[in-house]
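A.B. asks: Here is what each chain is made of, one letter per residue.
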Amino acid sequence: MSKLIYLDNAATTQVYPEVLDAMQPFFTEYYGNPSSIYSFAGESKRAVDAARSTMAEFLNTTPEEIYFTGGGSESDNWALKATALAYKDKGKHIITSKIEHHAILHTCEYLEKEGYEVTYLDVDENGLVSLEELEAAIRPDTILISIMFANNEIGTIEPIAEIGEIAKKHGVLFHTDAVQAFGHVPIDVQEMNIDMLSASGHKINGPKGIGLMYIRKGIKIGSFIHGGAQERHRRAGTHNVPGIVGFAKAAELAKRDMDKRMKYETQLRDYYISRVEKEIPYAKLNGDRVKRLPNNTNFCFRFIEGESMLILLDQKGICASSGSACTSGSLDPSHVLLAIGLPHEIAHGSLRVTLSEKTTKEDIDYTVDELKKIIERLRSMSPLYEDFVKKQEAGQKLA
Amino acid sequence: MYSEKVMDHFNNPRNVGEIENPSGVGTVGNAKCGDIMRMYLDIDENGIIQEAKFKTFGCGAAVATSSMATELVKGKTVQQALEVTNKAVMEALDGLPPVKVHCSLLAEEAIHAALWDYAEKNHIQIEGLERPVNDIAEKEEAPEEVY
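Those protein sequences? They're chains A and B, same order as listed. So the first sequence is residues 1 to 399, counted in my numbering. So the second sequence is residues 1001 to 1147, counted in my numbering.
Read the hints as simulated data drawn from the structure, not as lab findings. Remember, it's a predicted structure, so these values are computed and weren't measured experimentally. Where a beta carbon is used, it is the ideal one built from N, C-alpha and C, also for glycine. Any given hint could be a false lead.
[Said to hold, decoys possible] Some but not every residue of chain A turned toward chain B, in silico, with C-beta under 10 Å:
id: 1; residue: Ile304
id: 2; residue: Glu305
id: 3; residue: Glu307
id: 4; residue: Ser308
id: 5; residue: Gln315
id: 6; residue: Gly317
id: 7; residue: Asp332
id: 8; residue: Glu345
id: 9; residue: Ser382
id: 10; residue: Asp387
[To be verified] To spell it out: a stretch of chain B is covered by chain A in this simulated footprint if at least three of its residues, at any positions, have a beta carbon under 8 Å from a beta carbon of chain A; those stretches are:
id: 11; segment: 1013 to 1021
id: 12; segment: 1031 to 1039
id: 13; segment: 1087 to 1094
[What the hints assert, rightly or not] Listed next, the in silico DSSO-like pairs over lysine-lysine satisfying Cα-Cα at most 30 Å (straight line):
id: 14; chain 1: A; residue 1: Lys390; chain 2: B; residue 2: Lys1074
id: 15; chain 1: B; residue 1: Lys1005; chain 2: A; residue 2: Lys316
id: 16; chain 1: A; residue 1: Lys373; chain 2: B; residue 2: Lys1121
id: 17; chain 1: B; residue 1: Lys1121; chain 2: A; residue 2: Lys169
id: 18; chain 1: B; residue 1: Lys1074; chain 2: A; residue 2: Lys397
id: 19; chain 1: A; residue 1: Lys316; chain 2: B; residue 2: Lys1121
id: 20; chain 1: A; residue 1: Lys113; chain 2: B; residue 2: Lys1032
id: 21; chain 1: A; residue 1: Lys391; chain 2: B; residue 2: Lys1076
id: 22; chain 1: A; residue 1: Lys284; chain 2: B; residue 2: Lys1032
id: 23; chain 1: A; residue 1: Lys98; chain 2: A; residue 2: Lys3
id: 24; chain 1: A; residue 1: Lys390; chain 2: B; residue 2: Lys1087
id: 25; chain 1: B; residue 1: Lys1005; chain 2: A; residue 2: Lys373
id: 26; chain 1: B; residue 1: Lys1005; chain 2: A; residue 2: Lys278
id: 27; chain 1: A; residue 1: Lys168; chain 2: A; residue 2: Lys217
id: 28; chain 1: A; residue 1: Lys98; chain 2: B; residue 2: Lys1032
id: 29; chain 1: B; residue 1: Lys1076; chain 2: A; residue 2: Lys372
id: 30; chain 1: B; residue 1: Lys1076; chain 2: B; residue 2: Lys1005
id: 31; chain 1: A; residue 1: Lys3; chain 2: B; residue 2: Lys1005
id: 32; chain 1: A; residue 1: Lys391; chain 2: B; residue 2: Lys1121
id: 33; chain 1: B; residue 1: Lys1087; chain 2: A; residue 2: Lys372
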């Protein structure tokens, strides 16, 4: 394929050359196990320590509160399952939202089978959790609130600082799945009263298979992966040194360029949104217009189905994603789109386009131009569109 | 994920469109699940399907199976068209991924729904034809528009 326009940066991102360069020596040159005693392993150990400090600084916490994991899903599983186990004497109630990533939702379902009770908070039409409902859901036996920092499908940024304050006031632990937000928007765990946070390397131009969990000092949760004494006895397994180094390098770059990047992506995002809204009829933006990740767009195009759109976009070299049933492997469209109140048939026609700082205005123009043709073509084949047009014509005749 | 034939029928769907005053038209599926197929048939006085057209809301497999189904029934008698099963449609497309088999069932049902309509209009009975389960022609129209 000659042309490639990658607009699925919420799924994963390109590893930056600087990141790869930083990782490279730790495969062939400094391959020592950081847990070993001899001086050859010192380079690996120092690299892991430095990476931990970078992450701590990034989140405004201490290195002792950063734990490297195998990725975002592991961190989410760890936070929920280990908290549930450690605090079961206090209570067995967890609060989360209906639009969490499946790493949270399916873990909650698992915990429900184990006798825990989970409250899944509704969200409004923009995907925002209600602080009143959250506070009202807290009970004496509530042990954890887990609300995502920003949604992976519709990009809505939740009121994390406010949630942190409520959790603190009630003495309930607060975990946030920040996989989509980490490195993309500023996060300060002190200021936001976050007790635990999950993040992932490959969403910020780092490598896959590496993540972290921030765990505030004093939180008693135990190990999720048992074995060796790594990560202060809390996460066993030989350190993924190249992954950790690459993750930290990516975080360093993300921090350095954050302001510039946010500004650029927001501008481009809003340009795409305005072109779509102006030029494609029966399109609806999903998610909050303002409280939104700088690189996220998500539209529903009525009368058509997402997978068809994706295949046709792919043929034009454009990579995007959809919340349609056909792309999820089930008959239901995205739980997030249903939770913001979209009817099934409209949720099937969603298209998520997520930008990077390397996306250009030309990329967006090309994408919208192609998208217009694709949507027109699919609508011309759609019985739903046919019915809609006939109904409108009948209405006009009556008028 | 899809065979070359499926991609061909998705990219160049045969017989897309409508037939004015069709001998029979049937709509099957469920917008909730993301697939709706409408099939139009033009059947002559000898019971031969002269023309078949379709419109489909759905994924790549839904479009391809509709397209193939129209190809397979064209020129056939009503009785022969009943033998165009979902298996026949799938085979003609060199197979479908397991999660997409329901699309071929829908294509079969679309044929049946159109034939059912034809039979009703002409007050005839077609042996072996039952009203398809997912026929939505008689149901209430699409849900409220939200915007």
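A.B. asks: If a hint holds in the structure, say so; if it doesn't, say that too.
C.D. replies: A quick look at each hint next to the structure:
1. At its closest, the beta carbon of Ile304(A) sits 7 Å from a beta carbon of chain B; the interface hint therefore holds under the 10 Å criterion.
2. With a cut of 10 Å, the hint placing Glu305(A) at the interface with chain B holds, because the nearest CB-to-CB distance is about 5 Å.
3. Checking Glu307(A) against chain B: minimum C-beta separation of about 4 Å stays under 10 Å; hint holds.
4. Interface hint at Ser308(A): satisfied, since its Cβ lies 6 Å from the closest Cβ of chain B, which is below the 10 Å cut-off.
5. Restraint check, Gln315(A) versus chain B: the minimum CB separation of about 7 Å is within 10 Å; hint holds.
6. Given the 10 Å rule on beta carbons, the hint for Gly317(A) is violated: about 15 Å separates it from the nearest Cβ of chain B.
7. Of the supplied interface hints, the one on Asp332(A) holds, with its beta-carbon coming within about 8 Å of a beta-carbon of chain B, less than 10 Å.
8. For the restraint placing Glu345(A) at the interface with chain B, the shortest Cβ-Cβ distance is roughly 3 Å, inside the 10 Å limit, so the hint holds.
9. For Ser382(A), the interface hint holds, the least distance from its beta-carbon to any beta-carbon of chain B being 4 Å, beneath 10 Å.
10. At its closest, the beta carbon of Asp387(A) sits 6 Å from a beta carbon of chain B; the interface hint therefore holds under the 10 Å criterion.
11. Beta-carbon proximity to chain A at under 8 Å applies to 3 residues in the segment 1013 to 1021 of chain B; the threshold of 3 is reached and the given coverage holds.
12. Three residues within the 8 Å Cβ limit are the bar, and the segment 1031 to 1039 of chain B against chain A gives 8, so the coverage statement holds.
13. Three residues within the 8 Å Cβ limit are the bar, and the segment 1087 to 1094 of chain B against chain A gives 0, so the coverage statement is violated.
14. A C-alpha spacing of about 27 Å is found between Lys390(A) and Lys1074(B), which places the hinted pair at or below 30 Å, so the restraint holds.
15. Restraint check for Lys1005(B) and Lys316(A): the C-alpha separation of about 19 Å stays at or below 30 Å, so the hint holds.
16. For the hint pairing Lys373(A) with Lys1121(B), the CA-to-CA distance comes to about 38 Å; that exceeds 30 Å, so the pair is violated.
17. For the proposed pair Lys1121(B) and Lys169(A), the alpha carbon gap of about 70 Å is over 30 Å, so the pair is violated.
18. Distance check on the hinted pair: Lys1074(B) and Lys397(A) sit about 36 Å apart at the alpha-carbon level, beyond 30 Å; violated.
19. Restraint check for Lys316(A) and Lys1121(B): not satisfied, since their Cα atoms lie roughly 45 Å apart, outside the 30 Å limit.
20. Straight-line distance between C-alpha atoms of Lys113(A) and Lys1032(B) comes to about 29 Å, which keeps the hinted pair within the 30 Å bound.
21. Taking the CA atoms of Lys391(A) and Lys1076(B), the gap is near 33 Å; set against the 30 Å cutoff, the hint is violated.
22. Pair hint Lys284(A) plus Lys1032(B) holds up; C-alpha atoms about 18 Å apart against a cutoff of 30 Å.
23. For a cut-off of 30 Å, the pair hint linking Lys98(A) to Lys3(A) is broken: about 38 Å separates their Cα positions.
24. Taking the CA atoms of Lys390(A) and Lys1087(B), the gap is near 34 Å; set against the 30 Å cutoff, the hint is violated.
25. The hinted pair formed by Lys1005(B) and Lys373(A) meets the criterion: a straight-line CA distance of about 23 Å does not exceed 30 Å.
26. At most 30 Å may separate the alpha-carbon atoms for a hinted pair to count; Lys1005(B) and Lys278(A) exceed this at roughly 36 Å.
27. Simply put, Lys168(A) and Lys217(A) have alpha-carbon atoms about 15 Å apart, close enough for the 30 Å limit, and the pair holds.
28. Restraint check for Lys98(A) and Lys1032(B): the C-alpha separation of about 20 Å stays at or below 30 Å, so the hint holds.
29. With a C-alpha separation of about 38 Å, the suggested pair Lys1076(B) and Lys372(A) falls outside the 30 Å cut-off, and the hint is violated.
30. Straight-line distance between C-alpha atoms of Lys1076(B) and Lys1005(B) comes to about 22 Å, which keeps the hinted pair within the 30 Å bound.
31. Taking the CA atoms of Lys3(A) and Lys1005(B), the gap is near 24 Å; set against the 30 Å cutoff, the hint holds.
32. Note on Lys391(A) and Lys1121(B): the hinted pairing holds, with a Cα-Cα distance of about 23 Å set against a maximum of 30 Å.
33. In summary, the hint linking Lys1087(B) to Lys372(A) is not supported, as the alpha carbons are separated by about 35 Å, beyond the 30 Å threshold.
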